[in-house]
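Peer 1: Chain residues, written in single-letter form:
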Amino acid sequence: MSIKYGLLAILDESPAYGYQLKTEFERRTASAWPLNIGQVYTTLDRLSRDGLVTPLDPTDDTRTYAITPAGRAELKTWFTTPIEQTTPPRNDLAIKLALAASTHADLTAIIQAQRTATMRTLQHYTLAKRQADASDTAWLMVVELMIFTAEAEIRWLDHCEGLASRPTPTRSDAPAAVTAPAQSKDKAVR
Amino acid sequence: MSVLQLDAVTRIYGAGASEVRALDDVTLTVDEGDFVAIMGPSGSGKSTLLAIAGGLDQGWTGSVTVAGHPLQGLKRDALARLRRRHVGYVFQDYNLVPTLNVIENVALPLELDRTDPSWARQSARAALKRLGIADLAGRRLDQISGGQRQRVAIARAIVGDRKLILADEPTGALDSATGDDVMQRLRLLADDGVAVVLVTHEARHAGWADRIVFLRDGRVVDSTRVANDPAVLLAGA
Numbered sequence: 001m002s003i004k005y006g007l008l009a010i011l012d013e014s015p016a017y018g019y020q021l022k023t024e025f026e027r028r029t030a031s032a033w034p035l036n037i038g039q040v041y042t043t044l045d046r047l048s049r050d051g052l053v054t055p056l057d058p059t060d061d062t063r064t065y066a067i068t069p070a071g072r073a074e075l076k077t078w079f080t081t082p083i084e085q086t087t088p089p090r091n092d093l094a095i096k097l098a099l100a101a102s103t104h105a106d107l108t109a110i111i112q113a114q115r116t117a118t119m120r121t122l123q124h125y126t127l128a129k130r131q132a133d134a135s136d137t138a139w140l141m142v143v144e145l146m147i148f149t150a151e152a153e154i155r156w157l158d159h160c161e162g163l164a165s166r167p168t169p170t171r172s173d174a175p176a177a178v179t180a181p182a183q184s185k186d187k188a189v190r
Numbered sequence: 001m002s003v004l005q006l007d008a009v010t011r012i013y014g015a016g017a018s019e020v021r022a023l024d025d026v027t028l029t030v031d032e033g034d035f036v037a038i039m040g041p042s043g044s045g046k047s048t049l050l051a052i053a054g055g056l057d058q059g060w061t062g063s064v065t066v067a068g069h070p071l072q073g074l075k076r077d078a079l080a081r082l083r084r085r086h087v088g089y090v091f092q093d094y095n096l097v098p099t100l101n102v103i104e105n106v107a108l109p110l111e112l113d114r115t116d117p118s119w120a121r122q123s124a125r126a127a128l129k130r131l132g133i134a135d136l137a138g139r140r141l142d143q144i145s146g147g148q149r150q151r152v153a154i155a156r157a158i159v160g161d162r163k164l165i166l167a168d169e170p171t172g173a174l175d176s177a178t179g180d181d182v183m184q185r186l187r188l189l190a191d192d193g194v195a196v197v198l199v200t201h202e203a204r205h206a207g208w209a210d211r212i213v214f215l216r217d218g219r220v221v222d223s224t225r226v227a228n229d230p231a232v233l234l235a236g237a
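Going down the list, the sequences are from chains G and Y.
Each residue of the first sequence is one higher than the last, beginning at 1 in my numbering.
Each residue of the second sequence is one higher than the last, beginning at 1 in my numbering.
Hints are computed from structural coordinates only; laboratory data are not their basis.
Bear in mind that the values here come from a model prediction, so they are computed numbers and not experimental data.
Some clues are possibly wrong.
As the list claims (entries may be wrong) - Heads up, incomplete: computed chain Y residues facing chain G, CB under 10 angstroms, no partners named: (1) Y94; (2) P98; (3) D210; (4) V221; (5) V226.
Said to hold, decoys possible - DSS-like, lysine-lysine: derived pairs with alpha carbons at most 27 angstroms apart: (6) K163/Y to K75/Y; (7) K129/Y to K75/Y; (8) K163/Y to K129/G; (9) K129/G to K129/Y.
Backbone N, C-alpha and C define an ideal beta-carbon position, used for all residues, glycine too.
Using the sequences and the hints given, assemble the complete structure.
Peer 2: What follows is the structure, encoded as structure tokens:
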């Protein structure tokens, strides 16, 4: 979970208390993934339980935490291990298009409406990039992720539009390999 | 002020069963400082629109006005003169003259228009400076990179204070970072009052525009416009 490692990465630089960790995490990730303070304290409790961080002074109300050697080792492992995204995340747009393609919905109109909306979003991200501090690499990387994701969605929509506008293959257009198993099955039944 | 105005423009190729409506009743207004991107699938009419806007295609119906001059009925020479004075082109493959150096390429449209050579050079130098490449003035084209060549082409497009740039896939031959740099240059020119019409199939680059017009089968099917408003946040995205 990135919040856990995000907090460890910030604590690796210097001890900090909950609210400092929240604001620093958001600053470094361009406020793209805002945290609520409850999430931060719950994560700190878990990290403390697992011996990855420790309160500097348990009697201090502000609860400043420091990273432990075990926490540093855990952080190093996270940085050096590629993130594998094995399960595709649920995608409402893909579900909508798949259902539209298999019903009487106007797929072309749905694709165009989505493309316009995504393009508008991409324009906003580009505007944000233009207004960014060119030396703020962390922010630029996050905003570029947004831009590349929107661009990929638009390219996918273009591709889907092409797929949807193909003439429907007739039986005579179908490749022989598709009909061959049916024939052999037919023979087997006989 | 409107730099380019298309009213109910239709362009038909062929006739009868083979008739193709490359553009069908398209209306578009581009003002000074507007940055408009035209997107659409192959054959949607993007390049036809650009050719008509630049006076390169004359077989259309409707009305087209460039910098206040109606194109209808203009003879070839008059069209060429209008283009040289008001319209700059930027192409994917740069269309620079390989035997000329950087500043000679940029000064070329003015020299063809019989501008005083020293004034043409001075204007070319000012255009190169606007594009941040004044130091390349004396270089041969084979001594500069693809991104720099495209910047030279943009300098040539604006030389002589032309107010309309028509750009046809200007980033097609460039990697995404260099393409971004070219788009940023076009954006700065638009911010400075130049009208830019960009044809592209790359959403990433269209994102630099204020307005995006989608064409399909020669018709405008949609458009977006974003305000140039600094209060745009990623929070919650």
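Peer 1: Next, verify each hint and record whether it holds.
Peer 2: Results for each hint:
1. Y94: 24 angstroms, violated
2. P98: 33 angstroms, violated
3. D210: 8 angstroms, holds
4. V221: It holds, given that the least Cβ distance between V221/Y and chain G is near 6 angstroms, below 10 angstroms.
5. V226: 4 angstroms, holds
6. K163/Y to K75/Y: 22 angstroms, holds
7. K129/Y to K75/Y: 35 angstroms, violated
8. K163/Y to K129/G: Roughly 26 angstroms separates the two Cα atoms, so the pair holds.
9. K129/G to K129/Y: Given that 27 angstroms is the threshold and the Cα spacing comes to 24 angstroms, the pair holds.
Checked against the numbered hints listed earlier, the structure breaks hints 1, 2, 7; every other hint is satisfied.
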